[in-house]
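This note's numbering numbers the first residue of the sequence shown as 1 and each following residue consecutively.
These are computed hints drawn from the structure, not numbers from a lab. Please read these numbers as outputs of a predicted model, since none were measured by experiment. Hints are not guaranteed to be accurate.
[What the hints assert, rightly or not] Straight line, CA to CA, 27 Å or less: simulated DSSO-like cross-link-like pairs of lysine-lysine: (1) Lys-143 x Lys-62; (2) Lys-11 x Lys-143; (3) Lys-49 x Lys-62; (4) Lys-72 x Lys-62; (5) Lys-39 x Lys-143; (6) Lys-4 x Lys-49; (7) Lys-39 x Lys-11; (8) Lys-49 x Lys-39; (9) Lys-155 x Lys-4; (10) Lys-72 x Lys-88; (11) Lys-143 x Lys-4; (12) Lys-155 x Lys-49; (13) Lys-49 x Lys-93; (14) Lys-140 x Lys-124; (15) Lys-103 x Lys-39; (16) Lys-103 x Lys-72; (17) Lys-143 x Lys-155.
[Stated by the list, open to error] Simulated restraints on C-beta separations: (18) Val-105 x Asp-146: 27 to 33 Å; (19) Gly-127 x Lys-80: 16 to 22 Å; (20) Leu-18 x Leu-119: 18 to 24 Å; (21) Ser-99 x Leu-126: 33 to 39 Å; (22) Arg-94 x Leu-119: 37 to 43 Å; (23) Tyr-25 x Lys-80: 22 to 28 Å; (24) Ser-50 x Ser-10: 18 to 24 Å; (25) Tyr-25 x Pro-51: 26 to 32 Å; (26) Lys-62 x Ile-16: 39 to 45 Å.
Beta carbons are placed, not taken as given, at the ideal position from N, Cα and C, and that holds for glycine.
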Amino acid sequence: MEDKSLQDISKSLGLIFLLERRLEYLLDKVLAQRDLTTKQWLVLAAIEKSPSINLSIQDVAKRLSTSHQNIKAIALNLEKRGFVSLVKDREDKRVTRLSITPKCVSFWRERESQDEELLLEIFKNLGDEEISALPTTLIKILKNTDRITERIAMKEMEDLGR
């Protein structure tokens, strides 16, 4: 790989981390008006956007690359506020399932135009081709990180077996 290409990759990785921090800061400010955090929003989005109905706490934790304990704490807070329901699985009482409530659906419906304005502002300097290519590019990077994470986990399991 060329030095220039490696420099671009390194710069891109740094920018991804910086963007993540800035987006979290920005969304925390915007969502604070409704007494929500970015992490709570991510949990709600993971539940709402899932093709599977009633994800478990563990499913959400895996999707968001965090711990069961973190998601449970966030989910309990969201349940107190009426945004999600936590229900024990019928077949396995150790599993807790999460679902969005009607209150949550109406909350996001009320914010829809504000959220659209913010999204458009965040992406306003990008052309149509750049916007179209972005999800594909990010998904490829996510899949690569998933493979690396899986490889590391397998190595850790092998090391434990020794």
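Status of each hint after checking the structure:
1. Lys-143 x Lys-62: holds (14 Å)
2. Lys-11 x Lys-143: Within the cut-off at roughly 20 Å; holds.
3. Lys-49 x Lys-62: holds (15 Å)
4. Lys-72 x Lys-62: It holds: about 12 Å lies between the C-alpha atoms, which stays within 27 Å.
5. Lys-39 x Lys-143: Holds. Lys-39 to Lys-143 sits at ~22 Å (cutoff 27 Å).
6. Lys-4 x Lys-49: Status violated; Cα separation ~38 Å.
7. Lys-39 x Lys-11: holds (26 Å)
8. Lys-49 x Lys-39: holds (15 Å)
9. Lys-155 x Lys-4: violated (32 Å)
10. Lys-72 x Lys-88: Given pair Lys-72, Lys-88 holds - Cα atoms ~13 Å apart, limit 27 Å.
11. Lys-143 x Lys-4: Given pair Lys-143, Lys-4 holds - Cα atoms ~24 Å apart, limit 27 Å.
12. Lys-155 x Lys-49: violated (32 Å)
13. Lys-49 x Lys-93: holds (25 Å)
14. Lys-140 x Lys-124: holds (23 Å)
15. Lys-103 x Lys-39: holds (19 Å)
16. Lys-103 x Lys-72: The given pair, whose Cα atoms are some 20 Å apart, holds under the 27 Å limit.
17. Lys-143 x Lys-155: holds (18 Å)
18. Val-105 x Asp-146: 27 to 33 Å: holds (30 Å)
19. Gly-127 x Lys-80: 16 to 22 Å: violated (44 Å)
20. Leu-18 x Leu-119: 18 to 24 Å: Given a distance of about 19 Å, which is inside 18 to 24 Å, the answer is holds.
21. Ser-99 x Leu-126: 33 to 39 Å: Since Ser-99 and Leu-126 have Cβ atoms about 34 Å apart, the given range 33 to 39 Å holds.
22. Arg-94 x Leu-119: 37 to 43 Å: Since Arg-94 and Leu-119 have Cβ atoms about 38 Å apart, the given range 37 to 43 Å holds.
23. Tyr-25 x Lys-80: 22 to 28 Å: holds (25 Å)
24. Ser-50 x Ser-10: 18 to 24 Å: Since Ser-50 and Ser-10 have Cβ atoms about 34 Å apart, the given range 18 to 24 Å is violated.
25. Tyr-25 x Pro-51: 26 to 32 Å: holds (30 Å)
26. Lys-62 x Ile-16: 39 to 45 Å: violated (21 Å)
The structure fails to meet hints 6, 9, 12, 19, 24, 26 from the earlier list, while all remaining hints are met.
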